[in-house]
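Chemist: Required output: the full structure, derived from the provided sequences and hints.
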Amino acid sequence: QVQLVESGGGLVRPGGSLRLSCAASGSGFSGYVMGWYRQAPGKQRELVATITSNGRTSYVDSVKGRFTISRDNAKNMVYLQMNSLKPEDTAVYYCNVDHRLATAWSWGQGTQVNVSS
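Just so you know, we're using this note's numbering here: the sequence shown kicks off at 1 and counts up by one.
Since the hints were made in silico from the structure, they are not lab data. Just so you know, these numbers come straight off a predicted model, no measurement behind them. For glycine and all other residues, C-beta sits at the position ideal for the given N, C-alpha and C. Mixed in with the good hints there might be a few duds.
Computed Cβ-Cβ distance ranges for the label pairs, DEER-style [to be verified]: (1) 14 <-> 46: 33 to 43 angstroms; (2) 106 <-> 14: 29 to 39 angstroms; (3) 117 <-> 53: 32 to 42 angstroms; (4) 114 <-> 60: 35 to 45 angstroms.
Modeler: Set out below in structure tokens:
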């Protein structure tokens, strides 16, 4: 069973940046389309960015042009560079496989991102 550990969240002012990291244990990581999800208080978890095994990326419109997803298959790592952060980006961020393509692995604890002045 793959374990996921997210890190890198924190408190940042609007317009600031953060880089999130996700470490995946276990084998087979490189073959999966990975994604970053977020869940704001009172809202459903949403998939905001995905990356294929060979690096093709996709984003929801609300983060396009501001967030960049990347991965290092050799290290079993996924990253999310978040720039020009807005208060509406405040959420707990998780990584996992793209649930539309594969059964999600066990969810990690997530990392909290707070964007506030």
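Chemist: None of the hints should be skipped; say for each whether it holds.
Modeler: Evaluation of the provided hints:
no. : hint                           : result
1   : 14 <-> 46: 33 to 43 angstroms  : violated, 20 angstroms
2   : 106 <-> 14: 29 to 39 angstroms : holds, 33 angstroms
3   : 117 <-> 53: 32 to 42 angstroms : holds, 39 angstroms
4   : 114 <-> 60: 35 to 45 angstroms : violated, 20 angstroms
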